[in-house]
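There are 2 protein chains.
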Amino acid sequence: MILKIREHGISDPDEIYYYKNVWRGHHHEAFGLHYSMFLPTLYSQCDSEQRKKWLPLAHSMKALGTYAQTELGHGTHIRGLETTATYDPSTQEFVINSPTVSSIKWWPGGLGKTSNHAIVLAQLYTQGKCHGLHAFIVPIRSMSTHKPLPGVVVGDIGPKFGFDEVDNGYLKFENVRIPRENMLMKYSKVEPDGTFHKPPSDKLTYGTMVFIRSMIVGESARALSKACTIAIRYSAVRHQSELRPGEPEPQILDYQTQQHKLFPLLATAYAFHFVGQYMKSTYHRITSDINQGDFSELPELHALSAGLKAFTTWVATAGIEVCRMACGGHGYSRCSSLPDIYVTFTPTCTYEGENTVMMLQTARYLVKSYRQASEGQQLTGIMSYLNEAQHRLHAQPVANRPTVIDISDLASLVEAYKLRAAKLVELATKSLQGELQKHKNQEDAWNNAAIDLVRASDAHCHYMVVKLFVSRLGEVGDVAVHSVLSTLAVLYALHGVSQNSGDFLQAGLLSVPQLAQISEKIKELLTQLRPNAVVLVDAFDYPDEMLNSVLGRYDGNVYENMFEWARKSPLNRTEVHQSYHKYLKPLQSKL
Amino acid sequence: MILKIREHGISDPDEIYYYKNVWRGHHHEAFGLHYSMFLPTLYSQCDSEQRKKWLPLAHSMKALGTYAQTELGHGTHIRGLETTATYDPSTQEFVINSPTVSSIKWWPGGLGKTSNHAIVLAQLYTQGKCHGLHAFIVPIRSMSTHKPLPGVVVGDIGPKFGFDEVDNGYLKFENVRIPRENMLMKYSKVEPDGTFHKPPSDKLTYGTMVFIRSMIVGESARALSKACTIAIRYSAVRHQSELRPGEPEPQILDYQTQQHKLFPLLATAYAFHFVGQYMKSTYHRITSDINQGDFSELPELHALSAGLKAFTTWVATAGIEVCRMACGGHGYSRCSSLPDIYVTFTPTCTYEGENTVMMLQTARYLVKSYRQASEGQQLTGIMSYLNEAQHRLHAQPVANRPTVIDISDLASLVEAYKLRAAKLVELATKSLQGELQKHKNQEDAWNNAAIDLVRASDAHCHYMVVKLFVSRLGEVGDVAVHSVLSTLAVLYALHGVSQNSGDFLQAGLLSVPQLAQISEKIKELLTQLRPNAVVLVDAFDYPDEMLNSVLGRYDGNVYENMFEWARKSPLNRTEVHQSYHKYLKPLQSKL
Chain S
2 MILKIREHGI SDPDEIYYYK NVWRGHHHEA FGLHYSMFLP TLYSQCDSEQ RKKWLPLAHS
62 MKALGTYAQT ELGHGTHIRG LETTATYDPS TQEFVINSPT VSSIKWWPGG LGKTSNHAIV
122 LAQLYTQGKC HGLHAFIVPI RSMSTHKPLP GVVVGDIGPK FGFDEVDNGY LKFENVRIPR
182 ENMLMKYSKV EPDGTFHKPP SDKLTYGTMV FIRSMIVGES ARALSKACTI AIRYSAVRHQ
242 SELRPGEPEP QILDYQTQQH KLFPLLATAY AFHFVGQYMK STYHRITSDI NQGDFSELPE
302 LHALSAGLKA FTTWVATAGI EVCRMACGGH GYSRCSSLPD IYVTFTPTCT YEGENTVMML
362 QTARYLVKSY RQASEGQQLT GIMSYLNEAQ HRLHAQPVAN RPTVIDISDL ASLVEAYKLR
422 AAKLVELATK SLQGELQKHK NQEDAWNNAA IDLVRASDAH CHYMVVKLFV SRLGEVGDVA
482 VHSVLSTLAV LYALHGVSQN SGDFLQAGLL SVPQLAQISE KIKELLTQLR PNAVVLVDAF
542 DYPDEMLNSV LGRYDGNVYE NMFEWARKSP LNRTEVHQSY HKYLKPLQSK L
Chain U
2 MILKIREHGI SDPDEIYYYK NVWRGHHHEA FGLHYSMFLP TLYSQCDSEQ RKKWLPLAHS
62 MKALGTYAQT ELGHGTHIRG LETTATYDPS TQEFVINSPT VSSIKWWPGG LGKTSNHAIV
122 LAQLYTQGKC HGLHAFIVPI RSMSTHKPLP GVVVGDIGPK FGFDEVDNGY LKFENVRIPR
182 ENMLMKYSKV EPDGTFHKPP SDKLTYGTMV FIRSMIVGES ARALSKACTI AIRYSAVRHQ
242 SELRPGEPEP QILDYQTQQH KLFPLLATAY AFHFVGQYMK STYHRITSDI NQGDFSELPE
302 LHALSAGLKA FTTWVATAGI EVCRMACGGH GYSRCSSLPD IYVTFTPTCT YEGENTVMML
362 QTARYLVKSY RQASEGQQLT GIMSYLNEAQ HRLHAQPVAN RPTVIDISDL ASLVEAYKLR
422 AAKLVELATK SLQGELQKHK NQEDAWNNAA IDLVRASDAH CHYMVVKLFV SRLGEVGDVA
482 VHSVLSTLAV LYALHGVSQN SGDFLQAGLL SVPQLAQISE KIKELLTQLR PNAVVLVDAF
542 DYPDEMLNSV LGRYDGNVYE NMFEWARKSP LNRTEVHQSY HKYLKPLQSK L
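Sequence order for the protein chains is S and U. Mapping to this note's numbering: the first sequence position 215 is 216, numbers consecutive. Mapping to this note's numbering: the second sequence position 325 is 326, numbers consecutive.
Just so you know, these hints were derived from the structure itself, not from any lab. Remember, predicted model here, so these are calculated numbers, not experimental data. Treat the hints with care, as some may be off.
Which copy is meant is left open, because identical chains are indistinguishable; a pair holds if it fits in one copy or across any two.
Calculated cross-link-like contacts (lysine to any residue; reagent style SDA-like; alpha-carbon spacing at most 20 Å) [unchecked claim]:
{"id": "1", "residue 1": "Lys-21", "residue 2": "Leu-469"}
{"id": "2", "residue 1": "Lys-439", "residue 2": "Gln-518"}
{"id": "3", "residue 1": "Lys-187", "residue 2": "Phe-197"}
{"id": "4", "residue 1": "Lys-161", "residue 2": "Val-344"}
{"id": "5", "residue 1": "Lys-524", "residue 2": "Thr-488"}
{"id": "6", "residue 1": "Lys-148", "residue 2": "Val-577"}
{"id": "7", "residue 1": "Lys-21", "residue 2": "Ile-11"}
{"id": "8", "residue 1": "Lys-262", "residue 2": "Ala-319"}
{"id": "9", "residue 1": "Lys-524", "residue 2": "Ala-534"}
{"id": "10", "residue 1": "Lys-262", "residue 2": "Tyr-352"}
Make a model of the complete structure from these sequences and hints.
Next up, the structure:
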C-alpha cells in the first residue's frame, strides 16, 4: 500500500485517507499513528536541525513511531500525567522515568510490537523545577534487532473490543537516557546548561486538537452512512413474515417499524455529511485567519468542534447498532461488516476528548455567551442567536405566546430548535447561578449543574445540525434532489422534536395537539421516502470493495454469497476439527 | 465441568446454570444447545420407544445434538421454512432436502464442527400432502469418525460479533434418508404406510417459548447488574481531572454526570431483578395451572413474556454500552469484561423472537383487551387496569383534570405510569381504527399503526416494571434496606418520566412546571445514592471469578492487575514478534 501510494504520487492527505480506506476496509493498521501522529508532530514541533535528522528516518520507516500520551491512570486530565523527563547537565541528557504503576504509558497504537520510536509526553524537570508537559523523541527498540532498549519495558496491552489489527501498547521507563536534542524544540527549549525557555504560545497544539475533532464529525457521517447502506439494501432483499395472508412474504423495508428504525438514521447520515463538510471548510477558513494572526474565531470553533464531535459520535454509535439489529440474526455475522463498523467507530466517543467532557467544554462557552448576551452585549457568529432568542423568549409570558412550530415548514423548525437551545442554555445558566447562591464555590456549583449543562450543549448542537442541513438545501439547484433532501430534512427535524417533545412543550414551542400531528406527519414522510430509500444510500457511493459487506452488496445477491463466505471460515479448513480428537472423543470415552 | 457436575450430583437446572456460569464466565460453550435444546426436546417430544433409544445416547454424549430451525432466508416467520421431509413408504424412510439456497439451515450453535446429530424442523410431506412443520432427529456426522454423512453439507458460518467459542453452523441436505422412527412422534405420527396423524394440541410448544422468554428477562437483570458492578466499582477507583484547583483528582463517581449515567441503570438492574423473579414464579404458577388443564392465563403470560423480553433486553443492551463508555478508554479493553458482556448479551434482542415482533405480539393482546374494556367487559388479571383507566381518563375534560403525579410518592408514580400506558393503548387502538376506516384491510391497517402499537407495548411494559418494583418493596422488612430500595425505585420511575416527558404531558399527567421539579429531585436522589452505590452493586454478590473483570475487582486493586493481565497478551509471547521479520524488515529495505 505504501509503495503504491508513492508509485501513484498520492500526496494529498484526503486522497491518502480514501486510498487507504479502500485497501483496509473498516480496519485500522499498525502504522496508523506513524502517519497520523508521529510524522505530523515531527513536522510541527521539530526545529530545523531536528527536521534534518528525523524526517528522512521517519519517511523511510527506519524510525517507526507512535505517540505516547495517555497513561494507565491518566487520560482526560493531561496535566495529571506522571512520566518524568529530568535533565542531567553533566551528560546533557534527559532521564525518562515511570515513577508509579499508574504512570505507565497505555493505549498508543502500534506501540506494543511495531514501533521503534515514540514521542513521549512527560513532565519536564530541569534545575530542580517542573516546567510541565513537553514532548520527547524516545528510541524504544533497537533499529537493527528490534529488541527493546535497556530500561524500556514495552508490550501489547491485550485483546480489545475490535482493533485486532493494532498492537496498542504499554511503555514503562526505568532511567532511560536520551540526548538533549531529542526534546522537540521548535517552541520550548532546554539549553545545554539546563536553562529552560518556555514557548511563546500554546495555541498551535490547541489547533491540532480542534482539527482532529472536526474530522471526527465527518467520520460519524461516514460510519453511519455505511451502516445505513447495508441495513437499507438488505431490508430490500430480505423477505419475512406476512402482511396479507396467502401472499408472498414482503420486503422487510415495507414494514412501518423497519422504516421508522432506518429512515430517521438515513436522514441523520445526510445531516452529518453536511455538518462534516461545514466543519472541514470552517476549520480551513479559521486556520487561514489564524495564520494571519487573527485568533478571534478560535474559541467558537473550539466549542463547536468539541460539542459536535460528542453529539455526532454518540448518535452514530447508537445508530450503527440500530442498523445492525434491524438486519435480524445476520447483522451479528461479521459478513455483514456491521460488527466491524461498530467496534471501529465506537472509540470516537472516548478518544480525542471524552464525550461528556466535550459537552461540558461547549457548555462553558455557551454559558459565557449567554451571560454576555444578557448583559446586553451583541454577540457575533453562531452565538448571536442568543441575543435574538433572549428577545423572543421574554417578549411576553409563555402561556400567551403563540406556538411557533409549523411542522411542515423547515424555517419554522429551525426557529424552534434555536429557541429550544436558547431556553436550555438559559435554564443551565440559571441552574449554575442557583448553585452559586447556595454558597457553593465555582467548581462545586459547576458539578452540581452538570446535567443541565450537558443538556444545553446537546440542544445547541442539535440546533446547529438542523440549521446546517437546512441552509445546505439552499445550495441544491436540482428540483427533484431538492425535494427528496427536503423530505429528509423535515424527517430529521420532526423525529428530533418527537424524541425531545418535553423540551419543546416546556419552552412553549409546541402544543399538546401538535404531538399527534407530528406522529402522523412522520408516518407520511416514511411512506414518501420508501421508494427513494435504496437510491438514497446508493448515492453515498460506497463501492462493494470498501463496504465489504455481504448483506450490503450492490447487486443484492446476498444468500449465495453468504454461503460462499461461510465456507471460507477458518474452522472449515479441516472436515474434522482438531477439537474432536483433542477433547470430544476423550470426553465421550469417560461418560 | 460435565464430570464435576455429575460428581457433585448437581441436577437442579438452576444450579447447573449457576455452576456453569462460574466456570465459563461470560462465555458460551459449544455444547450449549445439546443441553438447552437437544435434550429437552427429546424429553418433551419423544414417544416411549424413542426415549429408550435416544436419551441414553444423548446423556452419554455419544449423540451430540443441536437444534436446527432457522434457515438462511427464514427466521421470524417459521411457517416460511423451506426444508422438506418427504415420506417414502417403500423404504419407510423420510427423505430430507434443502430445495433452495435460502433453505440452508443457518446459525444453530454447535452445529458447525461439534454435533453429530441435529433435531431438524422441516415441512412434512406424506401421501402427496404437506402437513406443516415437524421435528426429526437427523444424524449428520459419523459417530465413529465424526465425518459428515453422505448428502450432508455442514460447516461453520464464520466469525460473528462475539460467541467465538460457539461453532454456529450451516446444514444443507441432499436426499438424506432417515428411518421413519426418527420423526419425533409423541404428538404427531406418520404410520408405516404414510398415514399422518396430527397432534391433539400445539400448546406445549407455545409453553417452551414462553419459558425461554421469561428466563431472558432474568438474563437482562444479570447482564446489566454485572455491567453496573464493574462501572460503579471502577468509578470509585478512578480519579480524574479536578473539581477544585490544587486538590487531588476526585473519584469519577463524584461527578454528577457520571452518577446520572450509572445510577438510573443501577436502579434499572434492581427493577429487572424483581421483574425476572416475578416472571419465573408466574411462569411456574401458570404452568401448574396448565398441567391441571387451566389455560386461562396463558394468553396473558404470552403477551407479558414477549413484551418484557423485548423491553428489558433493549434497555439492558443500551445500558451495558453506557456502562462500558463510562469507564473511559479501559472500558474498551477486554480486561474490563464489558465488551464480552455486551456481545454475549446483545443477541437476546434478536433470538427467541425479534424484539419489534415481540412488541407487536404484546400490542395485539393490548388492543384486544382495550376493545373488550371499552365494550364494558370487566377484565381480569393485569389488564384490569384498562377498565379503571378508562374511567379515570374520561371522567372529565383533559384540560381541567388535575395532574396526578406527586413526584415523591411511589403510589402516585405507579398510577401515572398506569394512566400513561392506558392512554397510549387507547391512542394505538384509535390509530388502528382510523386506518381501518380508510378502507384498508386488517393487515395494512395493522402495519400503518405499527409505530403507535410498539409505543403502547413499551408503555405497558414500563408500567409493569414500575409496578412490580414498587409492590416488591412492600415485602422488604428491614427499614434501612427498604429506604435505599425506595430511593432506587423513585429514581427509576422519575428517570423514566423525564425521558418520556412528552407522553406524560400529553396525557395530562404532568404539568410543565413539574419538569423542573423532577430534574431537581433526580439530582437529590443521585446525591443520596452516592454513599450507597458501591454496596448496592456489591449486594449483587458476583464473585471475582464470575465477573472476570480487572476493572470490577472487589479489592479495587485495578492498575497493578491490568499490567499483569496485559503482560499475558498473546502478542507478548515473543519479545520480537514474527511480523517484524515477515513484513517490517522487508518493507524497510524497499523504502
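Going through the hints against the structure:
no.: 1; hint: Lys-21 with Leu-469; verdict: neither (29 Å within a copy, 54 Å between copies)
no.: 2; hint: Lys-439 with Gln-518; verdict: between (43 Å within a copy, 17 Å between copies)
no.: 3; hint: Lys-187 with Phe-197; verdict: within (13 Å within a copy, 88 Å between copies)
no.: 4; hint: Lys-161 with Val-344; verdict: both (9 Å within a copy, 12 Å between copies)
no.: 5; hint: Lys-524 with Thr-488; verdict: within (12 Å within a copy, 39 Å between copies)
no.: 6; hint: Lys-148 with Val-577; verdict: between (40 Å within a copy, 6 Å between copies)
no.: 7; hint: Lys-21 with Ile-11; verdict: within (11 Å within a copy, 56 Å between copies)
no.: 8; hint: Lys-262 with Ala-319; verdict: both (12 Å within a copy, 15 Å between copies)
no.: 9; hint: Lys-524 with Ala-534; verdict: within (15 Å within a copy, 43 Å between copies)
no.: 10; hint: Lys-262 with Tyr-352; verdict: between (28 Å within a copy, 19 Å between copies)
The structure shown violates just one earlier hint, number 1.
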